[in-house]
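Q: Sequence:
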Amino acid sequence: MAEVTTYLSPNGQQHTRGTGPATRIAIATLHGVATLTREAAGAPWRLAGRSLADRHVGQLVCEPRSGKLFAGCHADGGVWVSDDGAGADWRPLTKGLDRPHCYAMAARDNGGKATLFLGTSPAGLYRSDDLGESWTELANIHDVPDRDKWTFPPPPHIPHVKQIAFQPAEPDTLFVLVEQGAFLKSTDDGATWNDLTGYSDPGDEAYRDLHRLLIVPSDPDTFFLATGMGLYRSDDAGATYEHLTVRGIDRMGYPDFLFLDSDDDGMIYMGGSHLNPSDWYKTGAAKSCVMRSTDRGRTWLELDNGMPDPTVGAFEAMTRHVWDGGMMLLAGTATGEIYATEDRGASWQRISAEVAPVSKDDHHFPFMSEAERKEAMAHRGL
0 MAEVTTYLSP NGQQHTRGTG PATRIAIATL HGVATLTREA AGAPWRLAGR SLADRHVGQL
60 VCEPRSGKLF AGCHADGGVW VSDDGAGADW RPLTKGLDRP HCYAMAARDN GGKATLFLGT
120 SPAGLYRSDD LGESWTELAN IHDVPDRDKW TFPPPPHIPH VKQIAFQPAE PDTLFVLVEQ
180 GAFLKSTDDG ATWNDLTGYS DPGDEAYRDL HRLLIVPSDP DTFFLATGMG LYRSDDAGAT
240 YEHLTVRGID RMGYPDFLFL DSDDDGMIYM GGSHLNPSDW YKTGAAKSCV MRSTDRGRTW
300 LELDNGMPDP TVGAFEAMTR HVWDGGMMLL AGTATGEIYA TEDRGASWQR ISAEVAPVSK
360 DDHHFPFMSE AERKEAMAHR GL
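So that you can map any letter, position 50 of the sequence shown is 49 in numbering that gives the first Met the number 0, and since no number is skipped, the others follow by simple counting.
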């Protein structure tokens, strides 16, 4: 049986298609890339290996034409590549990258030409047209109104690029989500940018806190926007918005991950937490969950069969793997558990508790002991 691989990371590749169910998962963790394998669908998963163990990996992206696997790392860890895609051997890719704290990565195929895009902290955007061998900064993302308001709540309040997305029908149309500060759109391959602000309200508790964009391929003018204020939907390419879930009120007021069902793009899956990270410190639990909507986001059903109650570690990474006749969703937590469903959320299984925390930057801090947290913060100079 041929091995089928999928990838799980906070802000990297979140969709794969294979010839069958996944038998291998590469996972971005606090201590490098962990690999889970199984012999066949339905068989138990086992931890098969680790690599890049001295790096906090936040993004994994497999570029399909070359087969190369790219890893973006937090804490100025830079970008690394596994040339054969196996993830055992890595080399750094540093030319032109002067902001090595990597936050988001995406690969685009435009007319047979591969381009990598990288988002960083402080908020920056880079592109590579030679598979990461050199990087060019697109500094013009800063030439938009309200740039001086970009921020991030935890000290030292440095904003970052949270997601890079592409318009399915228009490959030269790019979206860049800055947490916190901007929902940027370019229709000319990054030459110029506009900041879409229609979702934002001056009274919002969290200023333009962008998490995730999901565009509906069959209707590209319709998209869903996950933010620190809840979930929004636009049916007119961002001219107007409907606020679907509300922070502090709905079960999931702090959504982060969005997926369409592989057979029905009217069905949406959303992963996230009830409240924002500052509350995780107070309660010691993120109370994360996955929910499903069959009416374009107006009502939601929690998919909790097989999940702990409550979930302690936040869902920090999710991915969707599809094949003819099937779909898998994966969730990785800030306390190192991996959950999977292959029946569209009807049931979940914890397939591993052996990996290191899966965490966007410092989102694992709330779930550490006080002594561990102090040591980790001192190590980071916080």
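Heads up, a few of these hints could be off.
The list that follows gives simulated cross-link-like pairs (lysine-lysine, DSS-like), each with its CA atoms no further than 30 Å apart [unchecked claim]:
| # | residue 1 | residue 2 |
| --- | --- | --- |
| 1 | Lys148 | Lys184 |
| 2 | Lys184 | Lys112 |
| 3 | Lys184 | Lys94 |
| 4 | Lys67 | Lys148 |
| 5 | Lys281 | Lys184 |
| 6 | Lys281 | Lys373 |
| 7 | Lys94 | Lys67 |
| 8 | Lys112 | Lys94 |
| 9 | Lys112 | Lys67 |
| 10 | Lys148 | Lys281 |
Quick list of the computed label-pair ranges, beta carbon to beta carbon [unchecked claim]:
| # | residue 1 | residue 2 | range |
| --- | --- | --- | --- |
| 11 | Asp83 | Thr135 | 22 to 30 Å |
| 12 | Gly305 | His242 | 28 to 36 Å |
| 13 | Pro219 | Asn139 | 20 to 28 Å |
| 14 | Glu169 | Thr36 | 33 to 41 Å |
| 15 | Pro201 | Ala377 | 33 to 41 Å |
| 16 | Ala345 | Thr93 | 40 to 48 Å |
| 17 | Ala47 | Glu374 | 27 to 35 Å |
| 18 | Ala39 | Arg146 | 37 to 45 Å |
| 19 | Ser217 | Asn109 | 41 to 49 Å |
| 20 | Glu136 | Thr36 | 34 to 42 Å |
These aren't lab readings, by the way, just hints derived from the structure by calculation. In this text, all values refer to a predicted model and were calculated from it rather than measured experimentally. Backbone N, C-alpha and C define an ideal beta-carbon position, used for all residues, glycine too.
Q: Work down the list of hints and note, for each, if the structure agrees.
A: Now the hints, each set against the structure:
At most 30 Å may separate the alpha-carbon atoms for a hinted pair to count; Lys148 and Lys184 meet this at roughly 18 Å. Only pairs whose Cα atoms come within 30 Å are accepted, and Lys184 paired with Lys112 is accepted, the gap being roughly 21 Å. For the hint linking Lys184 to Lys94, the alpha-carbon distance of about 26 Å falls within 30 Å, and the restraint holds. Only pairs whose Cα atoms come within 30 Å are accepted, and Lys67 paired with Lys148 is rejected, the gap being roughly 37 Å.
Only pairs whose Cα atoms come within 30 Å are accepted, and Lys281 paired with Lys184 is rejected, the gap being roughly 36 Å. Taken as a hint, the Lys281 and Lys373 pair is honoured in the structure, with Cα atoms around 16 Å apart against an allowance of 30 Å. Pair hint Lys94 plus Lys67 holds up; C-alpha atoms about 18 Å apart against a cutoff of 30 Å. Only pairs whose Cα atoms come within 30 Å are accepted, and Lys112 paired with Lys94 is accepted, the gap being roughly 20 Å.
For the hint linking Lys112 to Lys67, the alpha-carbon distance of about 14 Å falls within 30 Å, and the restraint holds. For a cut-off of 30 Å, the pair hint linking Lys148 to Lys281 stands: about 27 Å separates their Cα positions. Against the hinted window of 22 to 30 Å, the Cβ-Cβ separation of Asp83 and Thr135 comes to about 26 Å, which satisfies the hint. A hinted range of 28 to 36 Å holds for the C-beta pair Gly305 and His242, which are about 31 Å apart.
At roughly 24 Å, the beta-carbon separation of Pro219 and Asn139 lies within the given 20 to 28 Å, and the hint holds. Checking the proposed 33 to 41 Å range against Glu169 and Thr36 shows it holds: the Cβ atoms sit about 38 Å from each other. Between Pro201 and Ala377 the CB atoms are about 38 Å apart, so this pair conforms to the stated range of 33 to 41 Å. Between Ala345 and Thr93 the C-beta distance comes to about 46 Å, which sits within the given range of 40 to 48 Å.
Between Ala47 and Glu374, the C-beta spacing of about 30 Å keeps the proposed range 27 to 35 Å intact. Range check, Ala39 to Arg146: about 52 Å between beta-carbon atoms, so the 37 to 45 Å window is missed. A C-beta distance of roughly 21 Å is found between Ser217 and Asn109, which places it outside the suggested range of 41 to 49 Å. The hinted range of 34 to 42 Å is satisfied by Glu136 and Thr36, whose Cβ atoms lie roughly 38 Å apart.
The structure fails to meet hints 4, 5, 18, 19 from the earlier list, while all remaining hints are met.
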